[in-house]
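J.: Note that the protein sequences, when read in sequence, are chains A and B.
All residue numbers for the first sequence refer to numbering that gives the first Met the number 0, where the first residue is 0 and numbers rise by one.
All residue numbers for the second sequence refer to numbering that gives the first Met the number 0, where the first residue is 0 and numbers rise by one.
Since the hints were derived computationally from the structure, they do not count as laboratory data.
Glycine is no exception: its CB is placed at the ideal position from the N, C-alpha and C atoms.
Be a bit skeptical, because a hint or two may be false.
[Claimed, not checked] Distance condition first, Cα-Cα at most 20 Å in a straight line; then the derived SDA-like pairs of lysine to any residue: (1) 224/B x 41/B; (2) 56/B x 11/A; (3) 114/B x 11/A.
[Unchecked claim] Quick look at which bits of chain A chain B covers, simulated, 3 or more residues with Cβ under 8 Å: (4) 14–21; (5) 175–186.
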Amino acid sequence: MRRLVTDTLIIAERNLIRLPRAPELLIGFTLQPIMFVLLFRYVFGGAIRTPGYSYVDFLLPGIIVQNTAFGGFATALGLNEDVRKGLIDRFRSLPMSRAAVLAGRTLSDVATNTLSLTILLVTGVIIGFTFQTGFLEVAAGIGLLLLFGYAFSWFLAFIGLLVSSPESVNSVGFISVFPLTFISSAFVPVASMPAGLRDFAEVNPFTIVVDAIRHLWLGAPAHNSVWGAVVWSLVIVAVFAPLAVARYRRAAGS
Amino acid sequence: MTDGPAIEVRGLAKRFGDVCALDGVDLIAHKGQVVGLLGPNGAGKTTLVRVLATLLKPDAGSARVLGLDVQRDAAALRERIGLAGQYAAVDENLTGLENLTMVGRLYGAGRASAKARGRELLARFDLVEAAGRPTKTYSGGMRRRLDLAAALVARPPVLFLDEPTTGLDPRSRLSLWAVIEGLVAEGTTVLLTTQYLDEADRLAETIAVIDHGRLIAEGTSDQLKDRLGGERLEIRLDDDADPEVAVRALAPMSDELPSIDGRLVRVGVRARDGAIVEGVRRLSDVGVGVDDLALRRPTLDDVFLALTGHAAEEGDGEQEPEREQAA
């Protein structure tokens with residue numbers, strides 16, 4: 000167990016050291032979220048009606064939740080690269096903890112998510128987002144975002160090990176993340192969607208997490224969304240962590 | 000440490016779907032020995048190394064390294080083996096020193112001692128000047144040296160080298176060979192896979208020839224060459240010469256039929272002395288012109304060709320099946 004912790008930290012440290020040296024990923028964490036916020040705020044914002052909230056207040060929790068999902072792409076792409084380049088073989092031939100490679104990956108996503116979360120919040124405040132709640136609720140919202148992002152990293156870890164190339168990581172990742180985030184309350188009120196989509200959006204974990212953040216930051220009605228978001232995060236880890244670990248063992252050939 | 004062999008493989012078998020990668024392999028390597036596993040692409044070399052390095056579960060048979068079972072005692076075994084692969088498994092966004100330090104810490108060393116060991120290895124592998132650069136800036140030869148250094152971090156008594164010089168330029172190959180010879184001199188047991196006959200010839204004391212997942216011959220380089228008989232006369236004929244005429248003229252010199260390969264005629268000779276003179280005389284008697292002629296021992300290429308019916312390096316660079324990800 001001690002070995003798992005130290006090895007996980009070593010792998011996480013390695014992932015963070017290499018991050019600034021692969022600038023394309025860093026751009027993904029920094030510029031892309033800013034671009035999304037600005038595009039939605041100024042291109043779509045005028046056309047979308049969000050009763051009770053200004054669009055920038057409505058939008059920011061949504062876009063931040065979407066962004067935590069994208070944070071896991073670093074795990075998916077990184078693991079995929081490690082398998083292809085043979086680094087996983089190196090790790091598996093070492094007397095290190097078996098789970099540390101995946102745990103270290105998802106852990107370093109928490110750090111990158113913190114970075115892009117900060118950037119998004121600063122951007123949001125600059126273009127007019129205002130917290131309507133107290134410090135504790137805001138902090139709880141940040142914690143919840145990091146938890147959900149961590150959980151989603153396990154899903155993307157599984158994707159990264161499932162497909163054979165970084166191109167497929169991107170296409171499978173986007174194909175799963177875009178519908179999940181767009182058919183949710185992230186960008187438009189769910190009530191504005193046609194019946195079938197609305198049914199999906201209402202049970203979509205992204206809707207639940209976005210609603211939870213709106214509750215914690217804007218004081219929107221909670222409807223159990225905060226606990227729902229915590230439960231969803233735990234369920235995602237419980238399902239995809241074992242799947243990813245099983246896949247890790249297979250991808251490495253045992 | 001036990002007194003048994005360093006590597007002991009019995010009846011090892013592994014299939015990947017329809018592909019039989021290992022088909023009942025037996026192999027022994029004694030401590031301090033260098034065993035060369037020679038075979039073309041897809042012969043099963045990498046599969047065998049991956050089983051021995053605890054990366055792959057065999058379907059049948061047993062494999063022990065330093066007396067430890069590769070499956071049951073895998074965790075203990077990983078403390079005592081080093082693996083350097085054909086894909087130079089270092090993180091290209093980390094520097095040379097960061098790579099070695101990370102590996103050292105994953106072996107359980109503290110940060111400071113892992114770093115010290117890393118510096119020591121960088122010095123030994125002539126990488127000091129590149130120590131602070133990300134390895135993506137390294138040449139192929141430098142990367143291989145770093146990969147080998149990473150395999151040596153914990154001073155393993157047994158080392159697996161999977162095609163250590165594939166794809167390297169001749170100078171880098173020579174320098175890597177010198178490094179491997181240095182390790183062997185220190186008593187490390189090495190199992191080395193290669194598709195290069197000259198590499199096996201130079202580095203390995205014992206050569207095991209593998210093809211289609213089976214060991215088809217084993218012995219020292221000399222023993223393998225002796226299986227093909229003694230010396231051979233190789234004659235390159237003039238452009239307008241008829242090889243059939245040459246073969247008929249040369250046949251009495253040999254117990255076997257001379258072989259023809261384009262303008263090249265090979266004759267196994269009974270005695271070295273006088274063979275060149277006799278060959279030239281016989282050919283000039285029948286009026287066949289000679290472009291070039293030499294007496295030589297069979298090479299491992301000849302051995303390989305004779306054993307497998309195809310040349311060793313004819314592979315087209317295709318990956319071994321186990322390197323592909325299962326769908």
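J.: Which earlier hints can't be squared with this structure?
T.: 1, 2 and 5
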